[in-house]
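Asks: Sequence:
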Amino acid sequence: MQIVVIDGQGGGIGKNLVERLRAELPETQIVAVGANSIATSAMLKAGANVGATGENAVQYNVRTADVVAGPIGILVANAMWGEITPAMAAAVSASPAQKVLIPVEQCRVHVAGVVEKALSRYIEDAVEVIRSYQSTPAG
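Mapping of the sequence shown onto the working numbering: position 36 corresponds to residue 36, and the numbering continues sequentially without gaps.
Worth double-checking, as some hints may not be accurate.
Claimed, not checked - Subject to a maximum C-alpha distance of 16 Å in a straight line, what follows is the list of computed EDC-like cross-link-like pairs (lysine to aspartate or glutamate): (1) Lys117 with Glu105; (2) Lys99 with Asp125; (3) Lys99 with Asp66; (4) Lys45 with Glu19; (5) Lys45 with Asp66.
Claimed, not checked - Pairwise CB distance ranges (calculated): (6) Asn78 with Ser135: 32 to 38 Å; (7) Ala77 with Pro26: 19 to 25 Å; (8) Arg63 with Gln134: 19 to 25 Å; (9) Tyr60 with Ala118: 14 to 20 Å.
Because the hints were derived from the structure by calculation, they are not lab data. Idealized CB from N, CA, C, for every residue including glycine.
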């Protein structure tokens with residue numbers, strides 16, 4: 001299974017997600033894709049196998065990913081204070097991969113029915129969802 005983790009700004013969400021995924025799924029290929037080099041670097045230090053930065057890196061890597069994970073803003077053009085370009089958001093949404101999104105208030109997207117909780121709890125939830133994909137046949 002190949003997991004692409006996408007993040008921007010300082011890469012804190014991606015870093016925490018990569019750390020938890022690496023602990024739970026040590027043999028899984030994790031690709032860190034940052035909207036900027038700081039985010040990419042943070043995710044690489046957290047244990048991603050490889051990393052790449054920018055719009056083309058998003059477009060290229062989401063095509064072959066089994067799972068794309070990150071803050072919900074990766075689906076929204078101009079989210080993260082403009083770091084997520086329209087092309088990045090379109091590539092993520094068009095990817096055949098499963099998308100595991102973490103609700104983040106700063107992205108100005110609210111999903112009705114989602115219970116407010118600490119970011120660390122959302123990250124744990126995301127890791128559990130991704131772990132379930134590893135034991136479920138593709139389809």
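Asks: A separate judgement is required for each hint: does it hold in the structure or not?
Replies: Outcome of the hint check:
no.	hint	verdict
1	Lys117 with Glu105	holds, 11 Å
2	Lys99 with Asp125	holds, 13 Å
3	Lys99 with Asp66	holds, 9 Å
4	Lys45 with Glu19	holds, 9 Å
5	Lys45 with Asp66	violated, 22 Å
6	Asn78 with Ser135: 32 to 38 Å	holds, 36 Å
7	Ala77 with Pro26: 19 to 25 Å	violated, 35 Å
8	Arg63 with Gln134: 19 to 25 Å	holds, 20 Å
9	Tyr60 with Ala118: 14 to 20 Å	violated, 33 Å
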